[in-house]
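Q: As a plain string of letters, each chain reads:
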Amino acid sequence: MDTGPGSRLNTPTALGLLGALVALGAVLAAMTGPYPISLAQLAGALRGHPADPMIDTVLFSVRLPRIAAALLVGGALAAAGTVYQGLFRNPLVSPDILGVSTGAGLGAALGIFLSLPVLAIQGLAFAAGLGTVALVYLVASAVRGHEPTLVLVLSGVVLGALAGACVSLLKILADPYDQLPAITFWLLGSLASVRTDDVLGAAPAVVIGLVPLVLLRWRMNLMALGDEEAAALGASPRRLRMLFVAAATLMTAGVVAIAGVVGWVGLVMPHIARLLVGPNFHRLLPTAMLMGAGYLLLVDTLARTLTETETPLGILTAFVGAPVFLWLLASGRRVW
Amino acid sequence: MTRLVARALAFGYRHHPVGDGVDLDVGGGGVLCLLGPNGSGKTTLFKTLLGLLPRLGGHIELDGRDIATLPHVQVARHLAYVPQGHESVFPYSVHDMVVMGRSAHRGLFSGPTASDRARATDALAELGIADLAGRDYTHLSGGQRQLVLIARALAQDAPLIVMDEPTASLDFGNQLLVLEQVVRLARRGLGIVLSTHNPDHALRCATRVLLLKDGRLLASGRPDDALSEPALSAVYGVAVRVERLSDGQRVCVARDAAVAG
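As given, the protein sequences belong to chains F and U, one line each in that order.
Quick note: the first sequence uses my numbering, first residue 1, plus one each step.
Quick note: the second sequence uses my numbering, first residue 1, plus one each step.
Chain U with its partners taken away, still in its complex shape (with noise of 0.2 Å):
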């Protein structure tokens, strides 16, 4: 099975360091959750997970190779990435951007096949957003654009999915059906890495939290371990009170000092 491994990553840009001392495992099944307030170097330490940035020290290993050594067009068959819903400069069909993710697998010369446009069709519909085909990609709306970058990693045939903020910018209802489906890609057995800013979606969908701030790991673990009062607290710099509801879920929220004291 295809693992992302990262040992003492050290990442950012060669005269300006972000991070170091990162260390993370994921693998099909796995949801690996990154939290960290804005600035902490999330966006960052995925470029640098994907390749796309060259690491400053440590060790990224993908499928047992170093990440380094491969060319973009083998990583891009096991890694795929789903930045955060963007503008698209040409008004492409949802269609042909969702063939896309299918360029890894032809050769440089060739254009789409029918089997990849077909296996396009296929991914859109098994997120449920079949009837998008034919729409501009620029006329959607932030959570459609989602879906169909998420659908675009779908084709891309990957076991392993990279995805910068998905819920950002969408509303309270776009966020759960993104959250929705991250969960349901891992139970098919795909593995997920993935940012978000609200701690309520790592104890959502997540199977591994990264606690990030100023680069530097504050807490690794499992959700229930790695998202405690104290560890949240330290990594926003709010006092952060975690409740469990009746049902057993659990929910952050702030801790109101006027209330509490």
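Here chain F stands alone, though its shape is the one from the complex (with noise of 0.2 Å):
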């Protein structure tokens, strides 16, 4: 009983599937690159045998850890979209739609234009996603009477529009050879700086947002319900709404920071893992976050291999995914 209607596989089936083809997808992205690296090498390589200095080199220092940060990137903005979706009850929402994104692209478009080091960037990007966040549920909760939830997308609409157009003004005054390109390049997102210590710098943040997730997912079907029905079912709606938000808002800044401003994933994904394990949040979730981490190591992987130079990945997203969202609409299938 543990799986829905027919159409969908059952839930071992379905993550033991995506997971091994997501590891798949990690060994073939480590062997491409304009630096082809063998399976044998690759297993030399990972036994601390390399053949070739080099390989050690790109292997360690270049491709690993991107392939670590598409994984980590796209299964915390696919987690994130998947938990706003049911919160908001609305299917298309993703995990920008408090200002996460938009507060994150203002605090590191200051830091570029304020010429601070890497590091600095990265945390004030951090910071000001979630002080973005945090001053939109401030302003919502100061607002009584109305439907909670719509208060709150009301209020990050409106916060989010203000800090984007602080963004512009911005981008008005930076140095247009030197800081407007990198303004624009970071709200776009790419992977290609990323190093080890970039990953290491945003686990925490992810993992810390992770655990009350998958530990809650079930309670995440209560929620989508509505704050009166999941009380009624014995839930504390309020609550559980703040540590969700502050949850998935922590995962998306921390991710944010080091791959700047990645679009679709938190929209897209949770919609197609939908459609193959159904709406149960308990499944849902651990599907999506898998299917998000392979597709933005897919997204990643061609942003390094397809051209001479760096494609942004929010522009490969949207390639990659608007085609397949229509299709998805066209063929009738129920979407959510």
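Simulated from the structure, these hints should not be mistaken for lab results.
Keep in mind that the hints are not guaranteed to be accurate.
In silico contact screen, one side only, chain F against chain U (beta carbon under 7 Å); selected entries [said to hold, decoys possible]:
#, residue
1, LEU215
2, ASN221
3, GLU228
4, HIS282
Non-contacting residues of chain U with respect to chain F, defined by C-beta distances greater than 12 Å in every case (computed) [to be verified]:
#, residue
5, ASP20
6, GLY39
7, ILE129
8, ALA153
9, ARG184
10, ARG187
11, ARG208
12, SER228
Every residue gets a Cβ at the ideal spot worked out from N, C-alpha and C, and that includes glycine.
Using the supplied hints, reconstruct the complex from the two chains, each of which is provided in its own coordinate frame.
A: See below:
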């Protein structure tokens, strides 16, 4: 009885298949690039017997950190999107709904404008992302007597627009030859300069955010029924919502700080996961995370191999994501 | 036995009181039926009884304890809620939907156990809709949804169930089907509070009736006493005639001025 209707796969099978697919993708991604590495060379390097010191450098300082970052960023964005879509009872919601990405974008743009070191830019992006959502939450809690999720979304839209205007202002003021391209590139997302330290820096935020989401994922179903029904079924909607928003924001801010603004993953992956295993968050959350991780790994591998220069992730996720999404809509499948 | 008791209850919103002076008492085996026109405060009263809205005055006791002091999870173990057959945003399977009724019995961090799934299957079978288990909730008819939500309340294993207009927007056959289940559940020992727009429904299933107008009780008591022609006429603002059929069943009809005159 754990399985949904017949057309859906049962959970362990789906998760096992997806996990294997993502692992296979990671191996292929490690072998692919301007400096190709064979399977034997890869196995040797991983066992600590590199045939060539160049392989060691390419693999351990560039490719593996980047693969780890793609999995981390994709998984975190998909998980946050899944949670927000349930929390706001709306399948068209993405992790940016409360302004975390716009806020982080403002922090990064400010850091670049002030010519701060990379670590400070990341820290500023992370803090500004968290700060924006905290502000949105405070404003929404001050407004009483309305549907709480609606107020939350509206104040997210308003403060997000404000942060967006500040970013535009910084772009105009920035040095057009040096700072402006950096800001623009950051806002489109990229893993090109990610190193092991960046992955290790973002991982704690993702893990700390993920633990409550995984533990409470069945309760997420109650929140998707609305506050009153959730309370009548024995949940505490206000406390749960605060916890879910905090966890999802922490994860998103953590990955946006190292990858920039990567759109589409958090919006589309939950839909495709829902088609596979149904809407029950108990199985939806792990499925969406694996799919998000695999999807961003694919897109990032394309980003670094398709052309001579790096293509920003935000462009590719849309180019790959939009047609798939349209195809799903046009083929008449229920996307939500 | 668990009882839900309200005394001199005032309810509504802080800047918008809806009603006051409501007394009610329901326990196992009882069917308390709340009748009243649109806007009389039925849904607000229910939300207050469920502890979802803070009361404005008076007392509500659940199982002898003040409901305002009980956390949601404690209330949910004694009092289940069947909302008006609603739309769900996500197409949960019927079985998943019913399993959610078990959450008051599980710790915050745990998912449903095998016994929770079995309880949900039993609840569906009890209402005769076991065959719907694998269907999407969003693809069901209004009557089927209402039965699924009642099954979820059964899976919640609460001795009292509050149903907000369980027959609203159902066709004639489904209305009777739901009322039949209400009577059967009360015979099984559950206490039921329900609201309805149709006085005939109260006559069919209620052990006690409350007539609510503009947030105040116009009449309360056994259906035969409370549902008098003057009381019903006053509540709905139209002339109502109560007739007794040959088998003793009472029905309400409009008093047609032309015919009566």
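Q: Compare the structure with each hint and give your call.
A: Hints and how they fare:
no. : hint   : verdict
1   : LEU215 : holds (4 Å)
2   : ASN221 : holds (6 Å)
3   : GLU228 : holds (5 Å)
4   : HIS282 : holds (5 Å)
5   : ASP20  : holds (21 Å)
6   : GLY39  : holds (19 Å)
7   : ILE129 : holds (15 Å)
8   : ALA153 : violated (9 Å)
9   : ARG184 : holds (22 Å)
10  : ARG187 : holds (24 Å)
11  : ARG208 : holds (23 Å)
12  : SER228 : holds (34 Å)
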